[in-house]
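J.: One letter stands for each residue in the lines below.
2 protein chains.
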Amino acid sequence: MGKVDKPDLPVLAIDLGGTKIIAAIISSNVEILARDYHLTLASKGPQAVIDRVIACIDQLLGKNNVELSQISSISIAAAGAVDSSRGLVTSSPHLPGFDDVPLRDIVKEKCGVNTFLLNDASAAALGEHRFGAGKGVKNLIYLTVSTGIGGGIIIDRRLYLGLSGTAGEVGHMTIEVNGPGCSCGSKGCWEQLASGTALAREAVRRIRQGEVSSLTEMVRGKLRNITAEKVSVAAQGGDPLALEAISEVAYYLGVGLANLVNIFNPEMIIIGGGMAKMGELLLKPAREVVLKRAFRLPAQAVNIVPSQLGDDAGVIGAAVFALKDLESKLELSDYLQ
Amino acid sequence: MGKVDKPDLPVLAIDLGGTKIIAAIISSNVEILARDYHLTLASKGPQAVIDRVIACIDQLLGKNNVELSQISSISIAAAGAVDSSRGLVTSSPHLPGFDDVPLRDIVKEKCGVNTFLLNDASAAALGEHRFGAGKGVKNLIYLTVSTGIGGGIIIDRRLYLGLSGTAGEVGHMTIEVNGPGCSCGSKGCWEQLASGTALAREAVRRIRQGEVSSLTEMVRGKLRNITAEKVSVAAQGGDPLALEAISEVAYYLGVGLANLVNIFNPEMIIIGGGMAKMGELLLKPAREVVLKRAFRLPAQAVNIVPSQLGDDAGVIGAAVFALKDLESKLELSDYLQ
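In the order they appear, the protein sequences are chains E and H. Per the numbering used here, the very first residue in the first sequence carries number 1; after that it's consecutive. Per the numbering used here, the very first residue in the second sequence carries number 338; after that it's consecutive.
Simulated from the structure, these hints should not be mistaken for laboratory data. A few of these clues could be false.
[Claimed, not checked] Calculated cross-link-like contacts (lysine-lysine; reagent style DSS-like; alpha-carbon spacing at most 25 Å): (1) E/Lys-108 with E/Lys-44; (2) H/Lys-524 with E/Lys-284; (3) H/Lys-524 with E/Lys-292.
[To be verified] Just the calculated beta-carbon pair ranges, DEER-fashion: (4) E/Asp-156 with H/Glu-404: 15 to 23 Å; (5) E/Pro-102 with H/Ser-520: 47 to 55 Å; (6) H/Gly-434 with E/Leu-39: 52 to 60 Å; (7) E/Pro-102 with H/Ser-380: 56 to 64 Å; (8) E/Gln-308 with H/Gly-449: 29 to 37 Å; (9) E/Tyr-251 with H/Glu-617: 54 to 62 Å; (10) H/Gly-449 with E/Tyr-251: 27 to 35 Å; (11) E/Arg-296 with H/Asp-373: 45 to 53 Å; (12) H/Ser-584 with E/Ile-32: 48 to 56 Å; (13) E/Val-212 with H/Leu-560: 47 to 55 Å.
[Unchecked claim] Covered by chain E, according to a simulated footprint, are these stretches of chain H (three or more residues, beta-carbon under 8 Å): (14) 420-430; (15) 497-505; (16) 512-518; (17) 558-567; (18) 632-641.
Cβ atoms here follow ideal geometry from the backbone N, Cα and C, with glycine treated the same way.
Chain E on its own, in the form it takes in the complex (with noise of 0.2 Å):
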């Protein structure tokens, strides 16, 4: 299985998420030669869900007169607990119904190609170690906070995916251990206290509770469209209220962090997903809870910092993966751990 029958030809990279499904022809060279963008309208279930990834797929190629024979795979980085082996989504959190779904075949079915699929985290960690942030590193953590918290891992220069393929669902760690329910059927989840809905969610709580902000205003008073980057857009204003919020959730975010520092002793951690687009106005503060929670050494050690390919991290990372058996002879098996 899993061989790239056609070498030169270019690779259709899929990026499902929670909020959006981001579609990329990619050359057998990793450049990105068409994007697209849509919403993944997840609550409507897994196969609107699949409907939606399938036209996008026709409608990229369409679009750039590409016949699906004129691709040599489709790669498919998705947002949940990902069976590589078997081409399963086992569950998502954020793709709601995706309980043993394989979509890896039904896509294949479907387009009659060759088709990868693995988990988003996992894929942007390997397109950053290759053309981003971590270029040259030996082992790093990669991390997609937006919505959840996705996590990917680099070690010894290899994608590390565990047993099954799920490794790195750093975003359901159990840090406070009566925290808030998460959708995973755990409680006080990383992603529950220190992703993009956190921050929303926060600041939500704080305007409800009498504080005033413009948040209000930019709203018009629907507090339910308050989002991660309307509060960040209100922090770059100066506005108090949405500054505490982003600081509550980056110190969250570095409890998280301090803790994936004292196990993996990393010598990098990207951080990318919608909430990177803060920039130090979220690291920075998240940097100090690492300093003092964690271990002195690997503390000190590790560089933490933002995602340098932003939205293409996942793109980018499924068409290396469907890819690497051309680079390296490499099957899947010799991904999973």
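With the hints as your guide, set chain H onto chain E.
T.: Just chain H now, kept in the frame of chain E:
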């Protein structure tokens, strides 16, 4: 550095824990030829502890009529954040005052024998992987649950030590962000809630609150003499308070295990250390928490088992670490990621 000069001679291995020191003479084919136990008396500070380590070496060799010139190397597995490449104990919650102590070179100079230093749980992970419960497993986490909680990580059949050699400090993973303060400087560390120390503390807390237990009589009213071991004995006798205290600690053990399962998707987690002697009384409820809190696929895939080598895992692993050069021509730098 780090070559074993005299390949057929035994290694003198030391497991330096917060409570006890184990010294062993281990043959080049990794059989334990002789073994000694001493108390660490860690509270007396680094110089006293180092003197005791040297005394342990002298005594063990003396008792067995072995000269320093008849061992190939000394290999020390120490509780704490160890910088293996520089031979330092950089800090240690269980060895007070060990801040950047060059333990490797101190022992090397004193004894005139090539000396190695690594973390105790990393050593035990190596021991269990080569000769214990983890034989043939591709990736596993070893945990020592005793005074504190230490961890060792095997990835792709090799010991993973991270950038500076301190990887695996899973006991200092925050699982309750505002939980009890830890001697590492952080709060709500796993070992504050799920170690032997936590178990004894929980039993004492319940007795102080007026609950009745056979433990009170067992220590003749001196509650500070309650240890995890005594709680375990009381539980085996059916003492309800002891059983409840164990159930509480097993719950927290499970919470941290679920984190490791989500992060690593490991094939196996091996539980060693004094607490492992409780067996299923501790492991069964902990496994149930893992199934409840971790993602389904990795939770069902992982095998959570007790250590096979028991107290010997650390010294055996330390010997393997020293002998590795011999086996595989690896340098120490090959262990450091």
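J.: None of the hints should be skipped; say for each whether it holds.
T.: Evaluated hints:
no. : hint                                 : result
1   : E/Lys-108 with E/Lys-44              : 22 Å, holds
2   : H/Lys-524 with E/Lys-284             : 21 Å, holds
3   : H/Lys-524 with E/Lys-292             : 10 Å, holds
4   : E/Asp-156 with H/Glu-404: 15 to 23 Å : 40 Å, violated
5   : E/Pro-102 with H/Ser-520: 47 to 55 Å : 49 Å, holds
6   : H/Gly-434 with E/Leu-39: 52 to 60 Å  : 58 Å, holds
7   : E/Pro-102 with H/Ser-380: 56 to 64 Å : 58 Å, holds
8   : E/Gln-308 with H/Gly-449: 29 to 37 Å : 50 Å, violated
9   : E/Tyr-251 with H/Glu-617: 54 to 62 Å : 39 Å, violated
10  : H/Gly-449 with E/Tyr-251: 27 to 35 Å : 51 Å, violated
11  : E/Arg-296 with H/Asp-373: 45 to 53 Å : 33 Å, violated
12  : H/Ser-584 with E/Ile-32: 48 to 56 Å  : 54 Å, holds
13  : E/Val-212 with H/Leu-560: 47 to 55 Å : 52 Å, holds
14  : 420-430                              : holds (count 3)
15  : 497-505                              : holds (count 9)
16  : 512-518                              : holds (count 5)
17  : 558-567                              : violated (count 0)
18  : 632-641                              : holds (count 6)
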